[in-house]
Amino acid sequence: MKGSWIVAGVLGAALIGTGYWGYTQNRDLKEMNLKAENNYQRAFNELTFDMDLLHDKIGTTLAMNSRTSLSPALADVWRLSIQAKSDIAQLPLKFVPFDKTQAFLTGVGNFSYKTAVRDLNKEPLTAKEYSNLRNIYSTAEKIQDGLRNVQTNIMNKNLSWIDVGQMSAERKAPRDNSIVDGFKHIEQVKATTDNDFGPTFSNGQEESKGLKKLTGKKIDENEAKKIAEDAVPLKNVTKIQATRSKSDNDRFEPFYSVTMAHNNPVADTYMEITETAGLPIFFITNRPIAKQQISLDDAVKKGLSYLNSKNYKNMELYDSSQYDTIGVLQMVKSIDDVRIYPEAIQLKVALDNGQIIGFNAKNYITSNHVRKIPTPKLTLEQARAKLNKNVKVEEERLAIILNDFNKEVLTYEFLGTYNHDTYDIFINSTTGDEEKVKKL
Amino acid sequence: MQKNFHFKTAFIILCIISISLITLNIYLPKKEVDAFSSQVLSRGSTGQDVKELQERLIFIGFLNDKPDGVFGWNTYWALRNFQKEFGMKVDGIAGTKLKEKLTKATKNYKGNTANNTSNNNNTSNNNNMPAKPNTNNPNNSNAKPNNKPIANAPNGYTDNDIKLMANAVYGESRGEPYIGQVAVAAVILNRLTNASFPNSIAGVIYQPGAFTAVADGQINLTPNAQAKKAVIDAINGWDPTTGCIYYYNPKTATNQWIRGRPIILTIGQHIFCK
Chain E
515 MKGSWIVAGV
525 LGAALIGTGY
535 WGYTQNRDLK
545 EMNLKAENNY
555 QRAFNELTFD
565 MDLLHDKIGT
575 TLAMNSRTSL
585 SPALADVWRL
595 SIQAKSDIAQ
605 LPLKFVPFDK
615 TQAFLTGVGN
625 FSYKTAVRDL
635 NKEPLTAKEY
645 SNLRNIYSTA
655 EKIQDGLRNV
665 QTNIMNKNLS
675 WIDVGQMSAE
685 RKAPRDNSIV
695 DGFKHIEQVK
705 ATTDNDFGPT
715 FSNGQEESKG
725 LKKLTGKKID
735 ENEAKKIAED
745 AVPLKNVTKI
755 QATRSKSDND
765 RFEPFYSVTM
775 AHNNPVADTY
785 MEITETAGLP
795 IFFITNRPIA
805 KQQISLDDAV
815 KKGLSYLNSK
825 NYKNMELYDS
835 SQYDTIGVLQ
845 MVKSIDDVRI
855 YPEAIQLKVA
865 LDNGQIIGFN
875 AKNYITSNHV
885 RKIPTPKLTL
895 EQARAKLNKN
905 VKVEEERLAI
915 ILNDFNKEVL
925 TYEFLGTYNH
935 DTYDIFINST
945 TGDEEKVKKL
Chain Z
760 MQKNFHFKTA
770 FIILCIISIS
780 LITLNIYLPK
790 KEVDAFSSQV
800 LSRGSTGQDV
810 KELQERLIFI
820 GFLNDKPDGV
830 FGWNTYWALR
840 NFQKEFGMKV
850 DGIAGTKLKE
860 KLTKATKNYK
870 GNTANNTSNN
880 NNTSNNNNMP
890 AKPNTNNPNN
900 SNAKPNNKPI
910 ANAPNGYTDN
920 DIKLMANAVY
930 GESRGEPYIG
940 QVAVAAVILN
950 RLTNASFPNS
960 IAGVIYQPGA
970 FTAVADGQIN
980 LTPNAQAKKA
990 VIDAINGWDP
1000 TTGCIYYYNP
1010 KTATNQWIRG
1020 RPIILTIGQH
1030 IFCK
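Protein chains in written order, with my numbering: chain E, 515 to 954; chain Z, 760 to 1033.
Check the hints yourself; a few may be wrong.
[As the list claims (entries may be wrong)] Which bits of chain Z does chain E cover? Going by a derived footprint, with three or more residues having C-beta under 8 Å, they are: (1) 800 to 813; (2) 931 to 940; (3) 960 to 967; (4) 993 to 1000; (5) 1008 to 1022.
[To be verified] Examples of chain Z residues lying across from chain E (beta carbon under 10 Å, computed): (6) I775; (7) N911; (8) G915; (9) A954; (10) T1025; (11) I1026.
If you are wondering where the hints come from, they were derived from the structure by calculation, not from laboratory data. Glycine residues also receive a C-beta, built at the ideal position from the N, C-alpha and C atoms.
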């Protein structure tokens, strides 16, 4: 009799304990959720506010004419577009396509930055640029309207961003879909007005990542395997397999990916080869590397002789670095002492025996063509005079580089030091403009 | 009697130790000439002998920098100035001849701070052992267990950027072949320059819902050395995806929208698309 009372007491205490534990867990979870929800709400409300302001600012620039007021206003547009983009990046929009709107904001940022820093007294906004601004203005208005709608819905119906974020886990729509629908609507509106910027504002950096279309004979699977076995220095291939990429649209060149397994040493190689003309894009051999036996300097010699043997002529080293037992070399074409930076090849050398274990000619393939190197208008002395007087020049040469618009320009390259830093400065050989300044 | 015997042995041992120390001291200065390993050092080299090269250049005032063991631009210009001053061929490469000249010019150089600390450990065990850092230097300059490995990060990236990316790559694709890991790292980098994504590594990786490894905490696992290697390959320009900005595992992807993107290729379990 007494015993059962004790048992009941213990069970009761356990029940109270569990209850309390459950209660604190639940309270903590609610608190965490609330914190996350508040963060999302702040980001969203800031986004709507920034879009409002952005829209207004673009509106005022349309009416402005004087440089002194236009440049600061455009700088403000630039700041707000970046701010709005950063707000979007904090929202849980994984299942809501919103990339076109984000790309639009980046475009507004690029456009307003480039016009804000330009000397508008010498080079006022063109008619085309004004029409760009008007397009941006009307698109911004549509985005703003859409966001305001979503905001009203959230406030009236007490909607939660956490629900949107949890769509993935439960694989079903939250109880009220108006946030998702609202964003989808904005994105659709944006998609139908894809005429905001001129061709000069296409993103060169993005375009250059893909493979350009090539001309020539197409290769098949077996030819791809043969090219791969020829290009990769590590032999003893036990297995080789080639598959064609799925990039069948007009913009990108299809390619073969070849995987190889080696024994002695056990390793694997992955290589990609263009379908047209069968050019090696890159390969990487992944194998264990023993203790360092050769120096980075020897690796450079090995790299140059490899390129020469594979018929990449006139290549020279412009940068090298060592990561433990791997040397990474940056090679570039040089014709008559003019460096052609777009035609670059990267190599990886194993420092145990000097074998080439990596090769990357993607940039080389996209920019390799027979080119006539123009004669520079400025002399070396004239170009040097354009430099910051504090920079002490150590090396100088002619070089072709890609400018911000992805066009090749002939420049004078100056390697110089200032304080404790080294700078690589490119001066346009025709206009004398600083095309690029890099801190190394 | 027994006590006496103990004193005798102790005395003899002490004598042997001091004699060997004296002989060591006699032979040391000669060894200093080939203090470096025979490796030719050039820009981008890393290792203990680069550190020594830097320390010797600092010692005679040609270099004003921290000896970090990475042959960077400052070391390069310092070396060239040294070559100029000593009437040698100015190429910025430290070969045998240069090392001889530099060693001669820095006769009073006595090892580095890293060696001193390792010797402090020794002296605590062995109090009558004079601190002679140079005894360590000659042969094993590459394989010293108590020296930290020298970290070299590609231009424009810090060691922590690489760690963060390696964490993401490891969390996302640790069961994948090496090239699949390079591809995941390349996608992160492609997003950096893409208009539709944030512009910083942290922004891309921590964007809500962008990577499952971030959402389920796998990003906090400790990555292995291979993930880091994959990240460095991607930063150095290897992009197996030729510019893709999305990938998904067709078995687990719940997102219908992503399946509509133009597919470029499949590596391991992942489908990569633009």
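- [ ] Output the numbers, in ascending order, of every earlier hint that fails for this structure.
- [x] Per hint list: single violation, 6.
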